Amino acid sequence: FIGLDREGTGGIRDIFQSMFPIRDPLGRAVLEFVSYSIGDPQYDEYECIKRGITFSVPMRITLRFVVWKVQEVSFKEVKYVVDEGTLERSVKYMKEQEVSIGDLPMMTSYGTFIINGIERVIVSQMHRSPGVFFDSDKGKTYSSGKLIYSARII
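Letter by letter, the sequence shown follows residues 59 to 212 of the numbering used here.
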């Protein structure tokens, strides 16, 4: 589950910031994450059930594409290794645009999701196995009533 960014930590913003910026190998262009926005649902919960569609909200991100004008340096002039931070560069081209990522299913007020008009509950399938089960035959095996115990390791 991805929480909302109320405190500014965790959530969708951190996921996008871990993926961006994306740079080309020569350091001439950069694709940066600026922000994201989640819109309002197009239909309410009951209308989605009637129409047989998913109750969802649109998600958009704003990206910035920057092309750098990098000073060309020939290999004969380079006497030491130059890292990207020491190169003199200026912005050649910059464009910022909002991009639609898609629709995210939204949880209803009852804690369910409506997928293709059907209300569904998400149940975690992760189950910790208890390890060992102990059991007895309750005196049924022997006529003397002696109990036999068994253990199953799972």
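Since the hints were derived computationally from the structure, they do not count as laboratory data.
Check the hints yourself; a few may be wrong.
[Stated by the list, open to error] Derived CB-CB ranges, DEER-like:
hint: 1; residue 1: Thr166; residue 2: Val125; range: 30 to 36 Å
hint: 2; residue 1: Lys196; residue 2: Ile73; range: 52 to 58 Å
hint: 3; residue 1: Ser208; residue 2: Gln75; range: 22 to 28 Å
hint: 4; residue 1: Met164; residue 2: Ser194; range: 26 to 32 Å
hint: 5; residue 1: Ser208; residue 2: Phe74; range: 36 to 42 Å
hint: 6; residue 1: Gly175; residue 2: Ile206; range: 51 to 57 Å
hint: 7; residue 1: Ile176; residue 2: Ile206; range: 20 to 26 Å
hint: 8; residue 1: Tyr207; residue 2: Met165; range: 45 to 51 Å
Bear in mind that the values here come from a model prediction, so they are computed numbers and not experimental data.
Here a beta-carbon is modelled for each residue, glycine too, at the ideal position from N, C-alpha and C.
Taking the hints in turn, this is what the structure says about them:
{"no.": "1", "hint": "Thr166 / Val125: 30 to 36 Å", "result": "45 Å, violated"}
{"no.": "2", "hint": "Lys196 / Ile73: 52 to 58 Å", "result": "54 Å, holds"}
{"no.": "3", "hint": "Ser208 / Gln75: 22 to 28 Å", "result": "55 Å, violated"}
{"no.": "4", "hint": "Met164 / Ser194: 26 to 32 Å", "result": "51 Å, violated"}
{"no.": "5", "hint": "Ser208 / Phe74: 36 to 42 Å", "result": "54 Å, violated"}
{"no.": "6", "hint": "Gly175 / Ile206: 51 to 57 Å", "result": "55 Å, holds"}
{"no.": "7", "hint": "Ile176 / Ile206: 20 to 26 Å", "result": "49 Å, violated"}
{"no.": "8", "hint": "Tyr207 / Met165: 45 to 51 Å", "result": "47 Å, holds"}
Hints 1, 3, 4, 5 and 7, counting from the list given before, are not met by this structure.
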